[in-house]
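For reference, the chains in residue letters:
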Amino acid sequence: MSGDAFIEVRGVSKSFPSPGGARAVLREVSLEVRQGEFVAILGSMGSGKSTLLSILAGLLDPDAGSVTIGGERIRGIRSDAAFVFQNYSLLPWFTALENVRLAVGAAFPDLSRDEQRTRALRTLEKVGLGNAVARRPRQLSGGMRQRVAIARALATEPQVMFLDEPLGALDALTRESLQGELARLCGDGDGRVTTVMITNSVDEAILLADRIVPILPGPPATLGRPIEVALPRPRSAAQLAHDDAAAQVRTHVIATLTDAVVGRGAPKRCEGGPGAPDRVRPTIRTRELQPAAEETS
Amino acid sequence: MSVSIQRLVAAAAAALAISGCGGSSSSGAAAAETGSATPAQLAIEKPQLKLGFIKLTDMVPLAIAYEKGYFEDEGLFVTLEPQANWKVLLDRVIDGELDGAHMLAGQPIAATIGFGTKADVVTAFSMDLNGNATTVSNEVWTAMLPRLPKDAQGKPMHPIGAGALKPVVQQFRANGKPFKMAMVFPVSTHNFELRYWLAAGGLHPGYYSPSDVSGQIDADVQISVTPPPQMPATLEAGTINGYSVGEPWNQQAIFRNVGVPVITDYEIWKNNPEKVFGVTKAWAEQNPNTHLAVVKALIRAAMWLDAGNGANRKEAAEIISRPEYVGADVQVIANSMTGTFEYGKGDVRSLPDFNVFFRYRATYPYYSDAIWYLTQMRRWGQIPEARPDQWYHDTARQVYLPDVYLRAASMLSAEGKASKSDFPFGTDGYRPPTAEFIDGVEYDGRQPNAYLQKFSIGLKGNDTVRGASSGD
Amino acid sequence: MSTLVSILRLERFPTLPRPRLHDVARHVGMPIVAILIFLFVWSRASAGIETTLGQIPGPAAVWQQAGALWADHVAERARAAAFYERQERRNAAILAADPAVRVAIADYTGKPTYIDQIVTSLKTVFAGFALASLLAIPLGIACGLSATINAGINPFIQIFRPVSPLAWLPIVTMVVSALYVSPDPMFEKSFINSAITVALCSLWPTLINTGHGVSSIDRDLMNVAKVLRLNWTTTLVKVVIPASLPLIFTGLRLSLGVGWMVLIAAEMLAQNPGLGKFVWDEFQNGSSDSLGRIMVAVFTIGIIGFLLDRVMLTVHRLVDFGSKR
Chain A
0 MSGDAFIEVR GVSKSFPSPG GARAVLREVS LEVRQGEFVA ILGSMGSGKS TLLSILAGLL
60 DPDAGSVTIG GERIRGIRSD AAFVFQNYSL LPWFTALENV RLAVGAAFPD LSRDEQRTRA
120 LRTLEKVGLG NAVARRPRQL SGGMRQRVAI ARALATEPQV MFLDEPLGAL DALTRESLQG
180 ELARLCGDGD GRVTTVMITN SVDEAILLAD RIVPILPGPP ATLGRPIEVA LPRPRSAAQL
240 AHDDAAAQVR THVIATLTDA VVGRGAPKRC EGGPGAPDRV RPTIRTRELQ PAAEETS
Chain B
0 MSVSIQRLVA AAAAALAISG CGGSSSSGAA AAETGSATPA QLAIEKPQLK LGFIKLTDMV
60 PLAIAYEKGY FEDEGLFVTL EPQANWKVLL DRVIDGELDG AHMLAGQPIA ATIGFGTKAD
120 VVTAFSMDLN GNATTVSNEV WTAMLPRLPK DAQGKPMHPI GAGALKPVVQ QFRANGKPFK
180 MAMVFPVSTH NFELRYWLAA GGLHPGYYSP SDVSGQIDAD VQISVTPPPQ MPATLEAGTI
240 NGYSVGEPWN QQAIFRNVGV PVITDYEIWK NNPEKVFGVT KAWAEQNPNT HLAVVKALIR
300 AAMWLDAGNG ANRKEAAEII SRPEYVGADV QVIANSMTGT FEYGKGDVRS LPDFNVFFRY
360 RATYPYYSDA IWYLTQMRRW GQIPEARPDQ WYHDTARQVY LPDVYLRAAS MLSAEGKASK
420 SDFPFGTDGY RPPTAEFIDG VEYDGRQPNA YLQKFSIGLK GNDTVRGASS GD
Chain C
0 MSTLVSILRL ERFPTLPRPR LHDVARHVGM PIVAILIFLF VWSRASAGIE TTLGQIPGPA
60 AVWQQAGALW ADHVAERARA AAFYERQERR NAAILAADPA VRVAIADYTG KPTYIDQIVT
120 SLKTVFAGFA LASLLAIPLG IACGLSATIN AGINPFIQIF RPVSPLAWLP IVTMVVSALY
180 VSPDPMFEKS FINSAITVAL CSLWPTLINT GHGVSSIDRD LMNVAKVLRL NWTTTLVKVV
240 IPASLPLIFT GLRLSLGVGW MVLIAAEMLA QNPGLGKFVW DEFQNGSSDS LGRIMVAVFT
300 IGIIGFLLDR VMLTVHRLVD FGSKR
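Protein chains in written order, with numbering that gives the first Met the number 0: chain A, 0 to 296; chain B, 0 to 471; chain C, 0 to 324.
Just chain A, same shape as in the assembly (with noise of 0.2 Å):
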């Protein structure tokens, strides 16, 4: 797995401070993640996943460690990366079109206005919004605003996508048909983008992802070793709740998390280059399981 990875996290710690003194949200968390690899990143609420993401992008500088992609290390936000929020964070004075249309004229500034708004235009489309790209944000649902905040982010053909729980503000009615939308747009077709997603909901990150990282709570934060999710593309939700490697992986994902809450025992770690993921090989306590996840299923 070494050798060919595109972004590389090694021994990466965050403090924060605090009336108590520094608070450590992250400590020595080491990653690797392969070129057109989708990474997830399962945790919950306050695991410090989205500390861990906006390092990973460059909006925060880590205290130690360094976080390198495509070789160099990164120096603040790179300029072929794309961010998606978990709240939406659409300019609210700009129509749909103004807002995809701003970045791509920041990421393509010699593209004449025109032809901004033509891939604007576009990227819309594709994200099945061709016929609202006249409305403002306060006019669209939270479903339409999470799309053209990931029409926003494509529009600038990124190498390496970043999202924090894009799908965690919506309903779960949205959410589900969005995570669609989602796996259509960053799981298939040629060329895909290496992106690394915070989620909290498993399922979702099966969906999604090719891998799990389960980010087991501190604090400080640490990675639990990776679970590969070797599952055929393209994935369906409703193909997905009947699959048995599906729902194997699942089993091992929550019970990873189960024993870093409940057993609070030695917490699985990467040191240095990370060993081989674990397989699935659920690891069953006989203290009662409780789900650190919604779905028990």
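Where hints are given, some of them may not hold.
Pairs of lysine-lysine residues, derived as DSSO-like cross-links and limited to a Cα-Cα distance of at most 30 Å, are as follows [as the list claims (entries may be wrong)]:
#1 LYS122(C) - LYS86(B)
#2 LYS225(C) - LYS49(B)
#3 LYS117(B) - LYS188(C)
#4 LYS188(C) - LYS280(B)
#5 LYS188(C) - LYS49(B)
Which stretches of chain B does chain C cover? Using the computed rule of at least three CB atoms under 8 Å from a CB of chain C, they are [to be verified]:
#6 76-83
#7 242-255
#8 324-330
If you want a taste of the chain C side facing chain A, the calculated C-beta under 8 Å gives, among others [unchecked claim]:
#9 ILE156
#10 ASP219
#11 LEU220
#12 ASN222
#13 VAL223
#14 LYS225
#15 VAL226
#16 ARG228
#17 LEU229
#18 TRP231
#19 LYS237
#20 VAL238
#21 PRO241
What the hints contain is simulated information worked out from the structure, not anything from laboratory work.
Note that beta-carbon positions come from the ideal geometry of N, C-alpha and C, so glycine has one too.
Use these hints to put chains B and C onto chain A, whose structure you have.
Just chains B and C now, kept in the frame of chain A:
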């Protein structure tokens, strides 16, 4: 929401449409012939003028010159703008915002010698003689009344000297209350005449010194500045016990029952110079023809005001009762303007020379008038050190421009609008010595220092003022 | 306004039951009743107070004076028209006699009417307000973006904010006199003095609110600018300023209110021919009509201030895009 916007827009549009073209002055046409019926030989440098005035009845020559078209006849388009107070008026003339103004006779003099803002201000036209009075509060009047000599009908005999006020002042001070009076400006005619009257009655009105310009050093009566419109109210409140001011504020006091006028300046100094038309020296030098034209128009206005033994005075009172001029009620103005003066409720006496605009050579700028003011400024310490007589004569010549006046006068005579005999062409600029003062002291403008020696109260010779203002 | 809206709503749904009526009664009826009570109390009270300027005028007298001012305005306009007519005839006569002569075209020099004075006041307040906004908004943005700049400017804000216009005016007058020397000035000095004084007193709310608005924009929006890698100018123009517009407009609205109040005081001393000068001149007139006319001015000033505020509020609502992102 949209309804309110529409309304606002409609209202705003209506307002703007209504306002149409504004009326104030703006940059006027270049010098050009006016083409009026009388061929004007003067090439006016600046036809659009803005002149300032204070809302006192003796601004009337300016109003008449405008309303009767005398300014227009000369090719002048004048805006008359009332000013907030004397200081603002003087500052704006010096600043150039006003081309000229209705000024206290003392203002050009004080400005030239540097008491207050220093600037070269000159005048070629004296606007009137007399025209102010001193009023005291009802309380003071009641205290004064028993000691005043009465005539056959039991009314007090006028003029009332300040000697009648003296016991009242002493009573006040014995009770621990200072006796306060107000006037309109430190170099106003009101200030000097009030002080003259008080000193003539044995009361010390206070000195000025270079370090203390309150004018209350050693004072028996504390004199300070109050804006005229506030005088009746402060008199009623008891903050001051009397004031000296022009009209309509003395007649207002009677009208509103807050005080009683005790003496007019006509009685203090018969036919004293009161207001002048002042401009900056620079302006006069840059606009000689315009200056002449203004003086011509003002002379005609003055002639109209004194014509026919006061036949036009009633109309004059009506004109200046308009809010853009003096604005007071016409019956209050009419009293003094038509030659009567109400000394007490119902006690109306004839005083045809309360306002004199043209008779007695009122409009000629006599050097001796300027010198009288200089002597009084010296007497009370506004001029802190002794000056030789020649200094007085030289200063007067710096400020007063009788040759401009005479040129205007001869032009008017040539045009047939006046006759040469109306004007004092042969004079040397000094009125003959006169003793028509309340205390009978003779004033000869040719000998200012000798004049000062004649007074018991006041600086003279080489006197200077020492020390700060006295406590009471 | 909301009362009108509620009435409109009422008309659109005539079948709504009584609760709606109660609403209208409260929002429209109550103010009317309050105004009537006020008028009644005023007319009673004024009859009893006698000042040195005469009796305090009641509502009827004030209304009469308002009518007199209007009639005055109309008469003055007629006089101006007559003047121009006279001038035209005169000039035509001259030109007929000798076409080579250059004739003088003079402006009418009558006094400014009440309406002229209102317009002058409005022009002056907007000039001052524009000047204040030009100074305060860029400075406020700088303060909001940089805590260092904010720390540097803050002492000045705290010290100069409470200064009254009457204290600024002499200084402003003298500085303007010294600097603005021109033989044919485009603006009257009184206008400039008043406008600058208004600017000096009214720029603080805008400055403070702009700084606050810029410094408190949502971190998420700034993150958007960061991840999109927008350059500094684009971030400023497309993110920072639109995000802070609501607070900027709050500041502008407050500033306009302050400016209008300050203007009246400044005009009295600077002699700008507006409503402030009108009040002072009437006070100096001391006629029996003066108090009534001053009260007309008081109501005019209040109503105009209210309208200005409403205009700003409407503009504010237009730029408030809400927080839904």
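Status of the hints after comparison with the structure:
1. Restraint check for LYS122(C) and LYS86(B): satisfied, since their Cα atoms lie roughly 26 Å apart, inside the 30 Å limit.
2. Proposed proximity of LYS225(C) and LYS49(B) is contradicted: the alpha carbons are some 61 Å apart, above 30 Å.
3. Proximity of LYS117(B) to LYS188(C) is assessed by CA-CA distance (about 20 Å); at most 30 Å being required, the pair is judged to hold.
4. Straight-line distance between C-alpha atoms of LYS188(C) and LYS280(B) comes to about 20 Å, which keeps the hinted pair within the 30 Å bound.
5. For the hint pairing LYS188(C) with LYS49(B), the CA-to-CA distance comes to about 13 Å; that is within 30 Å, so the pair holds.
6. Residue count for the stretch 76-83 of chain B with a Cβ under 8 Å from a Cβ of chain C: 8. That meets the three needed, and the coverage hint holds.
7. Note: the stretch 242-255 of chain B has 4 residues with beta-carbon separation from chain C under 8 Å; the three-residue rule is met and the coverage holds.
8. Remark: the stretch 324-330 of chain B is confirmed as covered by chain C, as 4 of its residues place a Cβ nearer than 8 Å to a Cβ of that chain, reaching the required three.
9. Annotation: ILE156(C) was flagged as interfacial toward chain A, and the flag is violated, the nearest CB pair being 28 Å apart, outside 8 Å.
10. Satisfaction of the interface hint for ASP219(C) is found here, the shortest Cβ-Cβ separation to chain A being roughly 5 Å, below the 8 Å cut-off.
11. At about 7 Å, the closest approach between the beta carbon of LEU220(C) and any beta carbon in chain A falls short of 8 Å, and the interface hint on this residue holds.
12. This hint holds: ASN222(C) has a C-beta 6 Å from the nearest C-beta of chain A, less than the 8 Å allowed.
13. A hinted interface residue such as VAL223(C) counts as satisfied when its beta carbon comes closer than 8 Å to some beta carbon of chain A; here the least separation is about 5 Å, so the hint holds.
14. Given the 8 Å rule on beta carbons, the hint for LYS225(C) holds: about 6 Å separates it from the nearest Cβ of chain A.
15. Among the interface hints, the one on VAL226(C) holds; its C-beta lies about 4 Å from the nearest C-beta in chain A, closer than the 8 Å criterion.
16. Because the closest C-beta pair between ARG228(C) and chain A is about 6 Å apart, less than 8 Å, the hint holds.
17. With a least beta-carbon distance of about 5 Å to chain A, the hint placing LEU229(C) at the interface is held under the 8 Å criterion.
18. Residue-level restraint check for TRP231(C) is violated (minimum Cβ-Cβ distance to chain A is 12 Å; threshold 8 Å).
19. Below 8 Å, beta-carbon pairs count as interface contacts, and LYS237(C) has one with chain A at about 7 Å; its hint therefore holds.
20. Among the interface hints, the one on VAL238(C) holds; its C-beta lies about 6 Å from the nearest C-beta in chain A, closer than the 8 Å criterion.
21. Taken as an interface hint, PRO241(C) checks out: its beta carbon lies about 4 Å from the nearest beta carbon of chain A, inside 8 Å.
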